[in-house]
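A.B. asks: Here is what each chain is made of, one letter per residue.
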Amino acid sequence: EDQVTQSPEALRLQEGESSSLNCSYTVSGLRGLFWYRQDPGKGPEFLFTLYSAGEEKEKERLKATLTKKESFLHITAPKPEDSATYLCAVRDAGGTSYGKLTFGQGTILTVHP
Amino acid sequence: GAVVSQHPSRVICKSGTSVKIECRSLDFQATTMFWYRQFPKKSLMLMATSNEGSKATYEQGVEKDKFLINHASLTLSTLTVTSAHPEDSSFYICSARSGTGRNTQYFGPGTRLTVL
Chain A
1052 EDQVTQSPEA LRLQEGESSS LNCSYTVSGL RGLFWYRQDP GKGPEFLFTL YSAGEEKEKE
1112 RLKATLTKKE SFLHITAPKP EDSATYLCAV RDAGGTSYGK LTFGQGTILT VHP
Chain B
319 GAVVSQHPSR VICKSGTSVK IECRSLDFQA TTMFWYRQFP KKSLMLMATS NEGSKATYEQ
379 GVEKDKFLIN HASLTLSTLT VTSAHPEDSS FYICSARSGT GRNTQYFGPG TRLTVL
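Protein chains in written order, with the working numbering: chain A, 1052 to 1164; chain B, 319 to 434.
So that you can see chain B by itself, here it is in the shape it has in the complex (with noise of 0.2 Å):
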């Protein structure tokens, strides 16, 4: 299957810092990138939908300036979290999904974010 890769893995920062997550698709173009959030024991929440070149689609009750999304090019997109607190604590995953039609999304590894 294809290839998603996010960094960093792992995050610690203090409350009040902005902490910028990458998400690349490594061998397709992801003309869409969606993120999740996942609690513990928990399914995944859609965060926001981003297409390449276009503003992010944020799902009800999520503020779109705390959680700033770039998609710049058809490989990249950015996930900011910004003023970060401790309730931002989580595990933020990105997919991604080529064209349109019967392609699937593939999902990154995930970024551990700890806020203190």
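Chain A on its own, in the form it takes in the complex (with noise of 0.2 Å):
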């Protein structure tokens, strides 16, 4: 069974402070991690797709990077308004699943100014 941790659960940052958020996962074959952004209310927002290790993409502020075992997103001199919870989720590569993703719990990002 696909398994998604992310931590930590929260973290608080100052503006300008930079961090990065962990997604450990356990899956039989990766067919893609996945890091979206999900505001209060409201739907996930897709932000990047990783599918092999020591691939790197790069968005503004967030970097997204992976290896065999985890993914990192590197938040760089954030601001209040990246503010949100971070998702992880993997796809495997299971014959019947039809792309489904495991998400991870999340981890809520708070950026004071």
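Just so you know, the hints here were simulated from the structure itself, not pulled from any lab data. No residue lacks a Cβ here, since even glycine has one placed at the ideal position from N, Cα and C. Do not rely on the hints blindly, as some may be mistaken.
Stated by the list, open to error - With a straight-line cut-off of 27 Å between C-alpha atoms, the simulated DSS-like cross-links for lysine-lysine are: (1) B:359 x A:1114; (2) B:360 x B:332; (3) A:1114 x A:1093; (4) A:1108 x A:1130; (5) B:359 x A:1110; (6) B:332 x A:1093; (7) B:359 x A:1093; (8) B:384 x A:1093; (9) A:1093 x B:382; (10) A:1093 x B:338; (11) A:1114 x B:360; (12) A:1120 x B:360; (13) A:1110 x B:360; (14) A:1130 x B:359; (15) A:1130 x B:360.
Unchecked claim - Computed beta-carbon distance windows for the label pairs: (16) B:325 x A:1127: 35 to 43 Å; (17) A:1059 x B:333: 35 to 43 Å; (18) A:1079 x B:347: 24 to 32 Å; (19) A:1071 x B:334: 46 to 54 Å; (20) B:344 x A:1132: 20 to 28 Å; (21) A:1125 x B:344: 28 to 36 Å.
To be verified - From the derived model, a few chain A residues whose C-beta atoms are all more than 10 Å from chain B: (22) 1058; (23) 1063; (24) 1066; (25) 1068; (26) 1071; (27) 1075; (28) 1105; (29) 1114; (30) 1116; (31) 1120; (32) 1121; (33) 1125; (34) 1128; (35) 1132; (36) 1133.
Both chains are sitting in their own frames, so use the hints and assemble them into the complex.
C.D. replies: Structure (structure tokens):
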């Protein structure tokens, strides 16, 4: 069974204070690791997909990296508008899963001005 | 990114009534749609997976007669909560994915259901 564990559960940063969120995973055959951002009362917003160890992707102040066991979401010089819950999910190569995702519990990020 | 809409965004109903939630992919054809439920401050729990033109696949513990899913076309899936009870109150989110392989799953904005 696929497992995804995110840490920390909550992270409070000052504006401009860079940090990283962790996503550890166990999957039989990785067919993608996904990062989403979710604001309160909204659906998740797609950020990145990573497929193989060593892959990195960037978008504004966010950078996602992937190893064989975990992924990091690095936030550089965060701003208050980066405050949200960040969700990590994996898709495995299972035959009849139709590409369903297994989500971690999320990290609640709060950036103070 | 692709756009997925849900309707209604918020619904309040009386116990015992049925509620239908629509999920539409607006700018792509969704061969697969997923329905999730999310409790406060919790992550997404997959309820079922639906493929266009075939019966939905429900996750363990999800009552298929309670949560009826219809994926009538490549752009529309509906979730009907039948004989709703207060414990069905939750945030329901759909997602859609086109084709297979490396295609991303895009989420709708969610529907807040409150059963009185």
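A.B. asks: Now look at each hint and say whether the structure bears it out.
C.D. replies: Right, here's what the structure says about each hint:
no.: 1; hint: B:359 x A:1114; result: holds (25 Å)
no.: 2; hint: B:360 x B:332; result: holds (25 Å)
no.: 3; hint: A:1114 x A:1093; result: holds (23 Å)
no.: 4; hint: A:1108 x A:1130; result: holds (20 Å)
no.: 5; hint: B:359 x A:1110; result: holds (26 Å)
no.: 6; hint: B:332 x A:1093; result: holds (24 Å)
no.: 7; hint: B:359 x A:1093; result: holds (12 Å)
no.: 8; hint: B:384 x A:1093; result: holds (24 Å)
no.: 9; hint: A:1093 x B:382; result: holds (26 Å)
no.: 10; hint: A:1093 x B:338; result: holds (19 Å)
no.: 11; hint: A:1114 x B:360; result: holds (24 Å)
no.: 12; hint: A:1120 x B:360; result: holds (23 Å)
no.: 13; hint: A:1110 x B:360; result: holds (26 Å)
no.: 14; hint: A:1130 x B:359; result: holds (22 Å)
no.: 15; hint: A:1130 x B:360; result: holds (24 Å)
no.: 16; hint: B:325 x A:1127: 35 to 43 Å; result: holds (38 Å)
no.: 17; hint: A:1059 x B:333: 35 to 43 Å; result: holds (39 Å)
no.: 18; hint: A:1079 x B:347: 24 to 32 Å; result: holds (29 Å)
no.: 19; hint: A:1071 x B:334: 46 to 54 Å; result: holds (49 Å)
no.: 20; hint: B:344 x A:1132: 20 to 28 Å; result: holds (25 Å)
no.: 21; hint: A:1125 x B:344: 28 to 36 Å; result: holds (32 Å)
no.: 22; hint: 1058; result: holds (13 Å)
no.: 23; hint: 1063; result: holds (16 Å)
no.: 24; hint: 1066; result: holds (24 Å)
no.: 25; hint: 1068; result: holds (24 Å)
no.: 26; hint: 1071; result: holds (20 Å)
no.: 27; hint: 1075; result: holds (15 Å)
no.: 28; hint: 1105; result: holds (17 Å)
no.: 29; hint: 1114; result: holds (18 Å)
no.: 30; hint: 1116; result: holds (18 Å)
no.: 31; hint: 1120; result: holds (20 Å)
no.: 32; hint: 1121; result: holds (17 Å)
no.: 33; hint: 1125; result: holds (21 Å)
no.: 34; hint: 1128; result: holds (24 Å)
no.: 35; hint: 1132; result: holds (18 Å)
no.: 36; hint: 1133; result: holds (18 Å)
Comparing the model with each earlier hint shows no violations; every hint is respected.
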